[in-house]
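Single-letter residue listing:
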Amino acid sequence: MSRIPLPYTQKVLDLFRNPKNLGKLEDANVTAVAGNPACGDMITFYMKINDQAVIEKISFESYGCAANIATASIVTEMIKGLSVENAWKDVTWKKVTEEVGGLPSVKFHCGILAVGAVKRAIRKYYEQKGSAPSWLPKELTFEEKQALEEEELAKRLSKKLKAADEK
Amino acid sequence: MVENVKDLLKAHEGVKHEVYLDNENSTMVPKEVIDAILPYYNQRAYGNPTLTHKPGWEGFETIMRASQKISKLIGAKILEEVTFTPGATEANNLALMGAALANKHKGKKIVISAIEPINVLHVTGLLQKFGFITTKVPVDPEGFIQLEKIKEAVDKETVLASIATVNNEIGTVQPIKEALDIVKDKNPEALFHTDASDAYGRIPFNVQNLNVDLATVSSYKILGPRGVGALYVKEGVNVDKILEGQIGTQKLWPGVENTPLIVGFTKASELAFNGFEANTNRMRLLRDKLVDGVFAKLSDVKLNGPKGDKRAPDNANISFLRCEGEALTIELSLTGVYVSSGSACSRRLLQPSHVLVAIGRKFSEAHGSILMKTTRCHTEEDITHVLEVLPNAVNRIRGIVGSTGVD
Chain P
1 MSRIPLPYTQ KVLDLFRNPK NLGKLEDANV TAVAGNPACG DMITFYMKIN DQAVIEKISF
61 ESYGCAANIA TASIVTEMIK GLSVENAWKD VTWKKVTEEV GGLPSVKFHC GILAVGAVKR
121 AIRKYYEQKG SAPSWLPKEL TFEEKQALEE EELAKRLSKK LKAADEK
Chain L
168 MVENVKDLLK AHEGVKHEVY LDNENSTMVP KEVIDAILPY YNQRAYGNPT LTHKPGWEGF
228 ETIMRASQKI SKLIGAKILE EVTFTPGATE ANNLALMGAA LANKHKGKKI VISAIEPINV
288 LHVTGLLQKF GFITTKVPVD PEGFIQLEKI KEAVDKETVL ASIATVNNEI GTVQPIKEAL
348 DIVKDKNPEA LFHTDASDAY GRIPFNVQNL NVDLATVSSY KILGPRGVGA LYVKEGVNVD
408 KILEGQIGTQ KLWPGVENTP LIVGFTKASE LAFNGFEANT NRMRLLRDKL VDGVFAKLSD
468 VKLNGPKGDK RAPDNANISF LRCEGEALTI ELSLTGVYVS SGSACSRRLL QPSHVLVAIG
528 RKFSEAHGSI LMKTTRCHTE EDITHVLEVL PNAVNRIRGI VGSTGVD
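Going down the list, the sequences are from chains P and L.
In this text, residue positions in the first sequence follow the numbering used here: the first is 1, and each later residue adds one.
In this text, residue positions in the second sequence follow the numbering used here: the first is 168, and each later residue adds one.
Among the clues, some could well be false.
Unchecked claim - With a straight-line Cα cutoff of 27 angstroms, these simulated DSSO-like cross-link-like pairs (lysine-lysine) come out:
hint	chain 1	residue 1	chain 2	residue 2
1	P	Lys11	L	Lys469
2	L	Lys303	L	Lys271
3	P	Lys124	P	Lys94
4	P	Lys145	P	Lys80
5	P	Lys24	L	Lys529
6	L	Lys271	P	Lys159
7	L	Lys177	L	Lys275
8	P	Lys11	L	Lys177
9	L	Lys296	L	Lys273
10	P	Lys155	L	Lys353
11	L	Lys275	P	Lys159
Worth flagging that the hints you see were computed from the coordinates, not collected in a lab.
It should be emphasised that the depicted structure is a prediction, and the values quoted were computed from it without experimental measurement.
Build out the structure end to end from the sequences listed, making use of the hints.
Written out as structure tokens, the structure is:
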């Protein structure tokens, strides 16, 4: 184990102390989760997407560090009121990182996970509808792949430790 | 990124009561210790202790007196058995690397526990490059080493065993004498090292009674300055130097002796051992108040490590379920309570403490663990303050988690 200094920005600290759009959304029609408690990094997004495909409401819950909480919160602010298409196209992990004033590099994965979770939610929305628009790529985006990879990594590590334990 | 720190510090303005409990990772140094150190920078004994002038001879005398004091406190027979190093990390590196390399003709096997501090654990990784093979002996759910597994692990090829007397994270006081006897019984030639950093000043510890070959002690773990520690090497035990340079009074560690810090280490040791009973009783009283208070005020908490007299008197390690540790340390910092979490961020994953994993804690339990150590300098008011702010902090972080962190 090694430790890395984590000089968070004022914006990260503000969002950590007073997260925007926190908590379960009772009238959500899409819910998506990314990460795993074993990674210490897990986000749930709740979205209410209306008939015009606009993200009318969005909220989050987060099991993670201050960077995880802050990036999840800023993502909800960034995409609230956007059309699903614009949310998909405009929000990247780099933009999320910029919006919180930057992150220590070791925490980039928090922003990536947050965006991965949003993209997962949007895919789920169209899966539930039974039809996907032409702008929605079939192939997973960078953030979605990274979220999957992180989840796989956690699973593998858990298994490895369990095996070592049994030995 | 360093500019951000200004804002982080500003967010702490208005904090009225500060309580520092992160004594595992660094400590505040009491004024008496600082007062003892300072004259050695510019008033006396600032010379190189091997040189033939007044400040040099003063330095020599100071270091020899310090060696005498530390040897007496740990029960060494002669002062030459004590080598000052720049800390416990260096002492543990010297013990493992130095003893293994000096005795490699006797065998290439090393035995340690699964919960050794990382400055022992990682050195065995380094020793692998020199052909040494390490067996990690498992511990039970309270962190006690499984003695029968030591018996299985040690054989004629075993050159060295290293088991900490007290675990630094969960406070488990090991049956170290029994462990040592098992090792020596299986192989009288095998050397036995113990990291006693978390035993020194907390539980009775005596190298002669134990009949140990090598032992590490650390200054900052007893409220001394950082940057100094010592390795006890029993007379006649062969240890190679692991660094080269000018050798002075410390035959196993080159470089100019750090006289002021050695003085500080000695002063801190005196303060810890003058009234040892009273000091350790105070740590225990405050620690018990802290742990009992947490359990009374919060549900879904787990104590990591044993209860009772087989736990170091200062150690409190608690897992707060559905609560991520780093977030909790920041939340507590903003209220003036300074603690550390057992998990640390690596590139992609939060790495759980290997100690908590070894005692069978789930990752999510390890991620919500907080380590706190009381000292004789804490007051009852300090602990009362912690117990006032801690439940709110845990509940706020749990509020952000909602149903997300439940596995």
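Now the hints, each set against the structure:
Taking the CA atoms of P/Lys11 and L/Lys469, the gap is near 33 angstroms; set against the 27 angstroms cutoff, the hint is violated. Proximity of L/Lys303 to L/Lys271 is assessed by CA-CA distance (about 19 angstroms); at most 27 angstroms being required, the pair is judged to hold. Taking the CA atoms of P/Lys124 and P/Lys94, the gap is about 23 angstroms. The hint holds against a cut of 27 angstroms. At roughly 24 angstroms between alpha-carbon atoms, P/Lys145 and P/Lys80 fall within 27 angstroms of each other, so this suggested pair holds.
Proposed proximity of P/Lys24 and L/Lys529 is supported: the alpha carbons are some 26 angstroms apart, at most 27 angstroms. Between L/Lys271 and P/Lys159 the alpha-carbon distance is near 35 angstroms, which puts this suggested pair outside the 27 angstroms criterion. Taking the CA atoms of L/Lys177 and L/Lys275, the gap is about 54 angstroms. The hint is violated against a cut of 27 angstroms. Only pairs whose Cα atoms come within 27 angstroms are accepted, and P/Lys11 paired with L/Lys177 is accepted, the gap being roughly 13 angstroms.
Between L/Lys296 and L/Lys273 the CA atoms are separated by roughly 17 angstroms; this keeps the pair inside 27 angstroms, and the hint holds. A threshold of 27 angstroms between alpha carbons decides the hint, and for P/Lys155 with L/Lys353 the separation of about 40 angstroms lies outside it, so the pair is violated. In summary, the hint linking L/Lys275 to P/Lys159 is not supported, as the alpha carbons are separated by about 30 angstroms, beyond the 27 angstroms threshold.
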